[in-house]
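J.: Okay, here's what each chain looks like letter by letter:
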Amino acid sequence: MGFYTLGKILVVTSGKGGVGKTTTSAAIGTGLALRGYRTVIVDFDVGLRNLDLIMGCERRVVYDFVNVINGEASLTQALIKDKRLEKLYVLAASQTRDKDALNKEGVEKVIMQLAKDFDYVVCDSPAGIEKGAFYAMYFADEAIIVTNPEVSSVRDSDRMLGLLASKSKRAEEGREPIKECLLLTRYNPERVLKGEMLGVQDVEEILSIKLLGVIPESQAVLKASNTGQPVILDEESDAGQAYGDAVDRLLGKEVPHRFLEIQKKGLMKRLFGGRE
Amino acid sequence: MNIFDFFRQRKTQNTTASVAKERLSIIVAHERGQRSQPDYLPALQKELVEVIRKYVNIDQDQVHVALDNQGTCSILELNITLPDR
Amino acid sequence: MSQADLLDQDPVFQLKGSMLAITILELTHNDLQRLDQQLAAKVAQAPGFFQNTPLILALDKLPEGEGAIDINQLMVVCRQHGLRTLAVRAVLESHITAANALDIPLLPPSGAREKPIELPGKTAKAVEKPAEPALRPSKLVTSPIRGGQQVYAKGADLIVLAPVSAGAELLADGNIHVYGAMRGRALAGVQGNTSARIFCQQLGAEMVSIAGNYKTAEELRRDPNWGQAVQVSLSEDVLIISPL
Chain A
23 MGFYTLGKIL VVTSGKGGVG KTTTSAAIGT GLALRGYRTV IVDFDVGLRN
73 LDLIMGCERR VVYDFVNVIN GEASLTQALI KDKRLEKLYV LAASQTRDKD
123 ALNKEGVEKV IMQLAKDFDY VVCDSPAGIE KGAFYAMYFA DEAIIVTNPE
173 VSSVRDSDRM LGLLASKSKR AEEGREPIKE CLLLTRYNPE RVLKGEMLGV
223 QDVEEILSIK LLGVIPESQA VLKASNTGQP VILDEESDAG QAYGDAVDRL
273 LGKEVPHRFL EIQKKGLMKR LFGGRE
Chain B
53 MNIFDFFRQR KTQNTTASVA KERLSIIVAH ERGQRSQPDY LPALQKELVE
103 VIRKYVNIDQ DQVHVALDNQ GTCSILELNI TLPDR
Chain C
-19 MSQADLLDQD PVFQLKGSML AITILELTHN DLQRLDQQLA AKVAQAPGFF
31 QNTPLILALD KLPEGEGAID INQLMVVCRQ HGLRTLAVRA VLESHITAAN
81 ALDIPLLPPS GAREKPIELP GKTAKAVEKP AEPALRPSKL VTSPIRGGQQ
131 VYAKGADLIV LAPVSAGAEL LADGNIHVYG AMRGRALAGV QGNTSARIFC
181 QQLGAEMVSI AGNYKTAEEL RRDPNWGQAV QVSLSEDVLI ISPL
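Residue numbers (the numbering used here), protein chains in the order written: chain A, 23 to 298; chain B, 53 to 137; chain C, -19 to 224.
Here chain A stands alone, though its shape is the one from the complex (with noise of 0.2 Å):
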């Protein structure tokens, strides 16, 4: 990446909360870090710090991101290197409880600032469509839209692909439209069988738009939650080779599709339960 060639800046969004955005930033974030490409990972909500709990970097946080906007602090000092990997870094979200300490031209400045140091800056998005949700889908080059198998998780996905498409920078100036993409998380290839569930198909006919991966409800993001240690990194798991999945269609490889039917368990699974 030389001087004159700006990184990627890519919003994971979804609308609706609780669907795994900020599960998806940060293994999609450190999927790209793990295939050499120097990336910074962006906690956009305020007030509500979370991306740094499940990069497992908590206790390290001194400066967040409105304390940069405000000129407290500089991004160099706010900037959380990641102890893993050493192309990794993450900027935390700030604790305030000002709705209003977020503002376009303090985004703008550090996004840009950011989007000329690192190959990608991974925008992970609150819910709801406020400031935070706003701020991190204006700047946006592409959008990962997180969405669950579930009507109302659908319904808000849709929306937020309305506002891409209208309230972006890009829309306002008339440039390119930002890229959009599908990541369906939690699925359950059961519960589709047995018509419980809405199936990869329903979903992709009712956004229209293209998928970039589906990641199986798995044990394995609770774990990585607990742990701090993003669900990519268990390669072990179905959920984070998924996740490795997604991110090399991201670069634009070209992978088939797994973890869409139901995995035969072994017998050691099956007599002692649980799924993998």
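The reader is advised that the hints may include incorrect statements.
Unchecked claim - Within a straight-line C-alpha distance of at most 30 Å, the following computed DSBU-like cross-link-like pairs (lysine-lysine) qualify:
id	chain 1	residue 1	chain 2	residue 2
1	B	Lys73	A	Lys109
2	A	Lys103	A	Lys131
3	B	Lys98	A	Lys126
4	B	Lys98	A	Lys138
5	A	Lys191	C	Lys119
6	A	Lys201	C	Lys119
7	A	Lys103	B	Lys73
8	B	Lys98	A	Lys153
9	A	Lys103	B	Lys98
10	A	Lys189	C	Lys119
11	A	Lys191	A	Lys131
12	A	Lys189	C	Lys134
13	A	Lys126	A	Lys153
14	B	Lys73	A	Lys245
15	A	Lys109	A	Lys275
16	A	Lys105	A	Lys275
17	B	Lys98	A	Lys121
18	A	Lys189	A	Lys153
19	B	Lys98	A	Lys131
20	A	Lys189	A	Lys121
21	C	Lys119	A	Lys232
22	B	Lys73	A	Lys105
23	A	Lys103	A	Lys138
24	A	Lys126	A	Lys109
25	B	Lys98	A	Lys105
26	A	Lys191	C	Lys134
27	A	Lys275	A	Lys138
Calculated from the structure, these hints are not laboratory results.
Given chain A, put chains B and C in place with the hints provided.
T.: Here is chains B and C on its own, set in the frame of chain A:
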């Protein structure tokens, strides 16, 4: 100590849930403390820079203030890089 | 403080400009008896129209030689049928003088284009229909229309070459064509064009409406053509759904 105590101790140390509990108790305790206290680190750093500037010409970037929470105690680390003579 | 200052601080009135749509009765013959009969016939046709409706009496279209008009009697006949004269439109000196004598406001002949009112069978507030708008090219949308978005094709048809999500709203003064799944709301002929139609490749709409006559999904779902390629048209205030 009987055999069941032995297994119980092992269990609390090894599960990811126990790791999570430990991480949470530290960070929540820290954040609760911070809510009553004003966030003084940025202001502290700014004032330190001003004081040092009276004697040596330095940048804000050359003063580094870090708070490290280790278990039950917090360590305030202060790094000042003085310019070459 | 002077008188003027006090007046400024507490205005008693405000002058405002406004545009009114109003009914005009153009008299073509000076025959009050036949006017009475013909008005009665019109009232029977559309009684709702004749409820103290404000009126402009236009005398400027009367041909020469019809004789002197008894404006007062003319107004009485009108009032009997629920038409209240606001002003008189006149050109001839005699008419002007007569109107002034009765203290009725006068209007010069207007250059505006007026359309004849066709009284429908049901109650309707008749308005001076504006001139037909010039034909505008259709509004074309090629990207999906998402929930929460609204597209309005003003004075034109709307053509959508992508799916329309639930929660999206399409409006057009003309027809609406959706070459994709239609899951939102489509309102065609919003300015009153009853011959507007809605065409869609896959009917899954939350609501369809033509010139204000609508059907919601609850009813549409029961239609045998639900989920199919259909056209929606209006016939005698009833929406008809027919397969394409």
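J.: Now tell me, hint by hint, if it's right for this structure.
T.: Verification of the hints:
no.	hint	result
1	B:Lys73 to A:Lys109	29 Å, holds
2	A:Lys103 to A:Lys131	21 Å, holds
3	B:Lys98 to A:Lys126	25 Å, holds
4	B:Lys98 to A:Lys138	27 Å, holds
5	A:Lys191 to C:Lys119	24 Å, holds
6	A:Lys201 to C:Lys119	24 Å, holds
7	A:Lys103 to B:Lys73	24 Å, holds
8	B:Lys98 to A:Lys153	29 Å, holds
9	A:Lys103 to B:Lys98	23 Å, holds
10	A:Lys189 to C:Lys119	21 Å, holds
11	A:Lys191 to A:Lys131	14 Å, holds
12	A:Lys189 to C:Lys134	22 Å, holds
13	A:Lys126 to A:Lys153	10 Å, holds
14	B:Lys73 to A:Lys245	12 Å, holds
15	A:Lys109 to A:Lys275	21 Å, holds
16	A:Lys105 to A:Lys275	28 Å, holds
17	B:Lys98 to A:Lys121	25 Å, holds
18	A:Lys189 to A:Lys153	12 Å, holds
19	B:Lys98 to A:Lys131	21 Å, holds
20	A:Lys189 to A:Lys121	20 Å, holds
21	C:Lys119 to A:Lys232	26 Å, holds
22	B:Lys73 to A:Lys105	21 Å, holds
23	A:Lys103 to A:Lys138	17 Å, holds
24	A:Lys126 to A:Lys109	27 Å, holds
25	B:Lys98 to A:Lys105	28 Å, holds
26	A:Lys191 to C:Lys134	27 Å, holds
27	A:Lys275 to A:Lys138	25 Å, holds
In the structure shown, no violation is registered for any of the earlier numbered hints.
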